[in-house]
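Listed in order, the protein sequences are those of chains A and B.
Our numbering puts the first residue of the first sequence at 1, with every later residue one more than the last.
Our numbering puts the first residue of the second sequence at 201, with every later residue one more than the last.
It is worth saying that the hints were derived from the structure and are not from the lab.
Small disclaimer: the values here were computed from a predicted structure and weren't measured.
A few of these clues could be false.
Computed list of lysine to aspartate or glutamate pairs in EDC-like fashion (alpha-carbon distance at most 16 angstroms, straight line) [unchecked claim]:
id, chain 1, residue 1, chain 2, residue 2
1, B, K209, A, D48
2, A, K185, A, D81
3, B, K209, A, E31
4, B, K451, A, E53
5, A, K186, A, D113
6, B, K209, A, E53
7, A, K185, A, D167
8, A, K126, A, D141
9, A, K160, A, E102
10, A, K46, B, E208
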Amino acid sequence: MDNLLAPSLRKSIEVNLGKSTLNKIEQRLMERHGMGITQAIKDFYKFDSVLREFFGAGADGLETKFLQNIIDLKQQKKGTDNWIVIKDQDLAKIFLESFADEDKKAIIGTVLDESLIIADILQNCKVPQTSGYRKINQLIDNGLLISNGYDIATDGKKIKKYETIFDNVKMDIERNVVVVKIQLKKNSFQESTILQMIPN
Amino acid sequence: MKLDVVPEKLGSPINYAVLLLIGAIVVIFHIVVNISEDSDALIYGFSMIIPATVSVFAFITARRYAGTLVYSRAYKMLGIAFLLMFSAELTYFVYEQILELEPYPSIADVFFFVFYPMVLLYLIINIRFFAPQITKIGIITIVGAPLVTTFVYLYLSLSDFGSFDFYYGVIFVAAASTTLGFSIHTARIFRGGLIGTAWLVLVIGIILDVVGDTWYYYIEINEGYTLENPVNLFWYSSYLLILYSLYKHKKSL
Chain A
1 MDNLLAPSLR KSIEVNLGKS TLNKIEQRLM ERHGMGITQA IKDFYKFDSV LREFFGAGAD
61 GLETKFLQNI IDLKQQKKGT DNWIVIKDQD LAKIFLESFA DEDKKAIIGT VLDESLIIAD
121 ILQNCKVPQT SGYRKINQLI DNGLLISNGY DIATDGKKIK KYETIFDNVK MDIERNVVVV
181 KIQLKKNSFQ ESTILQMIPN
Chain B
201 MKLDVVPEKL GSPINYAVLL LIGAIVVIFH IVVNISEDSD ALIYGFSMII PATVSVFAFI
261 TARRYAGTLV YSRAYKMLGI AFLLMFSAEL TYFVYEQILE LEPYPSIADV FFFVFYPMVL
321 LYLIINIRFF APQITKIGII TIVGAPLVTT FVYLYLSLSD FGSFDFYYGV IFVAAASTTL
381 GFSIHTARIF RGGLIGTAWL VLVIGIILDV VGDTWYYYIE INEGYTLENP VNLFWYSSYL
441 LILYSLYKHK KSL
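Bound-form chain B, shown alone (with noise of 0.2 angstroms):
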């Protein structure tokens, strides 16, 4: 008879299998549009259904905990955020396959950059119920993070030194980083806790999605963006690791 033992130590491990398929997910994917002839309907199809679905789930926990102050603000302003990131890939599509007109730039950056304030409040407002007093590794981490990414992003586009582009992809480099530096921060308050794994993840998400917003802008200065470009590698598979994330959070807690 197997006996139910309790644990010594509550865990929640990462299912490596869960990373391989998002993995393949991507991949395939991505070598499925370079392969078909009309690819743009199915990359504009699943980059609009992966920020809605983080949304709605982000939604779904927030009203799971409705009424709370920390858990219900917080999913909430994620939720706000992935709904934004929904609208930017929108106003894009439209711009580009019905309006005809370059996207980039666009009113879609605007909604592009404002996710990244509300992933911040989402960070903020853990780190505040958590962690009031930021540590001195706190803030190298926090300050640290965004001035190393967004100097490596100045020394590889220094070419285009002044240029319109340049500023613009400083401006979302550093937003982007910024949100890694805070995430780093939180991941590193719940390390050994249960929830402190769905953290973790949720970093390994924010550093893919910095790393493509890094890429894409630097892409935008030298040669442009197009749909077919591995950099959407990075970007699917940061937002299906931050789904994966929340479900483990909720799962958790």
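Next up, chain A with everything else stripped away, as it sits in the complex (with noise of 0.2 angstroms):
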């Protein structure tokens, strides 16, 4: 989940404090912790320590302001069984276009239920060779899928597993604005540190 959120968290970053700001973030998180911001947002205990660093008790207005704007806070306080409301709309945009190209939305459905290794989910699904795989790694560089185990191929190596972050997905557009709400599956909830923040 948080693969999916850094890009956001990120921009959120730059968007209300400047790029100098975003500059020193990355600085310090380099030569204290030897991460980038989207690696340190993942490890979000490790981007914590270095926001108090700058800022402070300022540091929670900050993580919850960045969350705010991605996704509804009310309604994931409201909410039961893992949906959350996405309201950044260049993530929702990255649900939308996944679910409108055909191969995506087939290579998404083959591992919705369970986990499988890439040669497998492009046998099942029936998507070329070359662009297969090229799909399936946006959608794992996007965040919507995600390593969980892995095969032992013939040869004895480790081949690693893909399933999706979520059980459901629903769609709206209001007024023009595209409203995602994704059900995550309950492990994909639990190990997210960035939604772990979010007071009860």
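Dock the two chains into a complex; use the hints.
And the structure:
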């Protein structure tokens, strides 16, 4: 889940506090923890510690604001069964475009209920290999697919298996605004350090 | 060979030499204007240059963060606040030195007064982003600081109760001390952070401004303000400290 949110959080820092602030935070993350901002956001406690070094208790408001720009926190607090409402339009667009693409939709459908290695995904959804690999990689980069366990190949090598981060997705277009609601898989929700930061 | 060690914690300590320099500038200036025979031009010049410098520096900082939703807007508000302060000083100068009219009360007071809401906007923009939920201590600070300061002023000027100067002074002292409450609250938010030092310096600057304002309106009730009055020391050092805090903030982020 954090994979999916990281780019939007980065954008949020830049929009609110400017590129120079973002650069300083990135510089400190690199020298203190040896990681970039996208990586650190996935390890939210380290990201939080660096924000506190800069802004003291102001880091709390900053983090809440980031999340507010991306997820509807009011809905999130009320929500049950791991449903989250995506407010960020860039993030919503990723979902919309992924489901508009027949190949990607087929890939997602294949790993919705079970995790598979890439070769099996391509075989099950009957997508050409070259474009199939490219599209699976796009879904991984965008955070819609995550690695979940391994399969052992005949030569004994470990091969990553992939699955979707969600069980269900609902999409609406309300007054030209794309509203995406996703029901996260239980483990996706629990493993997201960002979502665990949301106060109850 | 000296190793370039990564610090455990980022720090931005106050440079006490700068504080000493600010203190020395205002004290030496005060002595000079009190021993020289025609010091009006010097005082007016100094009174206008400092807010103008703070305003220019705030606008430069706003430009550095151009397009951002928090810093760009906040620094523009601070720039406008000090531009108003400069306008107030200029108007005061025109009234007294060119038109030879009594500058208190005058249109200059409108500029002096609008300075406070603009500083408040600067603080509120920061608070809304970094700490939208105000704690109980925050509420006590925001409400308590203006109440205590205004009551101190009321107590000191009770002898003139009911006069124009009395009510006029209450309005200004209340406005100035409201900015104090908000700035203490904001400094508490950033305490311990890299930008916390900049905010601490800003609070000290605003405290000096509030002391200066309270004293000024007290003087206006009792004896009448003169350009050589030591109350100027508080305003000058306040603006120079605010300038230093802006520099520290800019350097930290």
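For each hint, the structure was consulted:
| no. | hint | result |
| --- | --- | --- |
| 1 | K209(B) x D48(A) | holds (14 angstroms) |
| 2 | K185(A) x D81(A) | holds (9 angstroms) |
| 3 | K209(B) x E31(A) | holds (11 angstroms) |
| 4 | K451(B) x E53(A) | holds (15 angstroms) |
| 5 | K186(A) x D113(A) | holds (13 angstroms) |
| 6 | K209(B) x E53(A) | holds (7 angstroms) |
| 7 | K185(A) x D167(A) | holds (6 angstroms) |
| 8 | K126(A) x D141(A) | violated (21 angstroms) |
| 9 | K160(A) x E102(A) | violated (24 angstroms) |
| 10 | K46(A) x E208(B) | holds (13 angstroms) |
The earlier numbered hints that this structure contradicts are 8 and 9.
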